[in-house]
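One-letter residues, chain by chain:
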Amino acid sequence: MTHFEDELKDALRRQKPPDGFADRVLARAAESDSRPAKRTWRDSWLNIFAQPFAPANLLHWATVAAVAAALVVGGVHYRNVHVQRERAQGEAAKARLLLALRIAGSKLQLAKARVDQINSGPINRREVNSDQRHPDPNSDPTANQQERE
Amino acid sequence: MAEPVPAEEAADVALGDFAEIVRQHQSMVFSMALRFLADPPAAEELAQDVFMQLHAKLNTLKSPEHVVFWLRKVTSHRCIDRLRHSRMPQVSLDDLPESAGLEFSRDVQPADPFLSRRLQQLVRSLPAKARLMVILRYQEDLSAEDIAGILDMPAATVKSHLQRALAMLRDKVVRTMGEVRTDT
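Chains H and R are the protein sequences, given in the same order.
Everything in the first sequence is counted per the working numbering, starting at 2 for the first residue and increasing by one.
Everything in the second sequence is counted per the working numbering, starting at 462 for the first residue and increasing by one.
Chain R on its own, in the form it takes in the complex (with noise of 0.2 Å):
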């Protein structure tokens, strides 16, 4: 029979899972976090509170798919909090100045720069909640189904919300970058 550990090496244990949960997972909290607000500080802020909570939560948490949805969800729902109680703005993309454009990843440049930033600037004046579910579409390649698991929403609603928001995005693209951008 296995001897019992003791209260601060069963810390210590769960301490390093929850190190190597945050070291793997950062990325997907920080940047769901980081592409929603558009604020740094406030999205470490966000992606802090939530490794915090995931910290207090880790026990009952039962596989790494489960913690992985489980990030995803409150991070979403972080996200949405934070937007109401802030009263956040709804940027206008005639009023984004050219500099608020988020930095690129240091790993990847993009292929087209300025698409890239003019798209991030696109997906910021969203509505919450398509821009969460565009967040979750194309930066963590969730499927419909996926997203309406973590949105608690119906999957039929999560499509159309998509489309709307795709045709959104391309007409805005279309109309400040021209066709050809979009084509090519």
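Chain H with its partners taken away, still in its complex shape (with noise of 0.2 Å):
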């Protein structure tokens, strides 16, 4: 240790704190001995399981049952929403499906008078006349004849 190391060791010796001071000291420590101990929040939730009937413990209980008493008004709630947003959507869904059957079935209406008129219509007269008009050539002429006589 250097000359100057000394110096600083003598410069920072250790002094005496002013008189009484452990006294002092002493009676905080003593009064707060005397105080009864402050319950944490954890050990004064915690003590509504070991005594939970002591009055000081009605104000948790009466916490805790709204606490739950929200939560279950919450859950239920939250449930009825959920039930009602669902209907709805199966409801919207419901009605655009009527709505495609009902677009889909006047379609296969409009279809079948359609296939409907053709069948029935001069499409099948015309193909009658023009059996008449030329004869099948692949039918005995013969018979033709004899019908004829």
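No lab work stands behind these hints: they were computed from the structure.
It is possible that part of the hints are untrue.
These stretches of chain R come out as covered by chain H in the derived footprint (C-beta under 8 Å, 3 or more residues) [as the list claims (entries may be wrong)]: (1) 479-486; (2) 498-510; (3) 538-544; (4) 605-619; (5) 626-634.
These numbers were taken from a predicted model, which means no experiment stands behind them.
Idealized CB from N, CA, C, for every residue including glycine.
Reassemble the complex: the two chains are provided individually, in unrelated frames, and hints are given to aid placement.
The structure is reproduced here in structure tokens:
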């Protein structure tokens, strides 16, 4: 250790506290001992299980009950809202499906009517006429002669 | 089998132990706070708070060595915290009045009162961490490893901080008091 460090050590040597320091500390300690120990938040909550019916725990039980009730009401409300929303979505889907079926049905009706119209319309008659004008070349010509005779 | 000690009696025993610890270590705690804060009322308040904290934790401390370590650690951390909260300005060496030096111990008078007072002022002008390290090194006579344990930092960091703090102090002493005063 250098001379400078010795000087520093000498300058920074311990100093006695003011008179009565220890007594003041001990008085504070005795005062804190005589005061009832302040329960921590955690301890006071855990105490509701140790002494469930103590009057001091009524407020805690009331808080627990209020929180539980709020949870139940909230849960039921959430469930109702959820069910209502699902029902509304189902109704909307059902309506869309019915509309789609109705549209598809009307289109089928139209298509059927058109097919019927085509089957019973001038095209068939034309086919009949063309049959008369152009006899079937594969048919037997003697048969026709015999008929004519 | 030993009879259980009544609660009041146990409290008296604990308070008796506590009183002994306070009397034994009051100079250490108070001096650390005083050298760091340079404010005797604030130092006393801080030292009282440290002992009150010890009173609450006394049954968790295993040995007298542990108690001393704990006291130094808590005092150091409280000093830093107090400085942080009060935003105490770093005092420049040139701004320090001559009367700002702390009183010397009533038991032992220093070899060179003027140099000692000046050194105390200079220590106060150091940054907080460096000041604490210098106090622990030269007031408490602790090694860099012990200081590192108290301040929760590597010993190498403590050594480099101490070297820098010493160089800074020596430089300031030389500037203000002259080479001759430090060499003699």
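Against the structure, the hints:
1. 479-486: It holds: at least three residues are needed, and the segment 479-486 of chain R offers 4 whose Cβ sits within less than 8 Å of chain H.
2. 498-510: holds (count 4)
3. 538-544: Since three or more residues must qualify, the claim that chain H covers the segment 538-544 of chain R is violated, with 0 doing so at under 8 Å.
4. 605-619: violated (count 0)
5. 626-634: holds (count 4)
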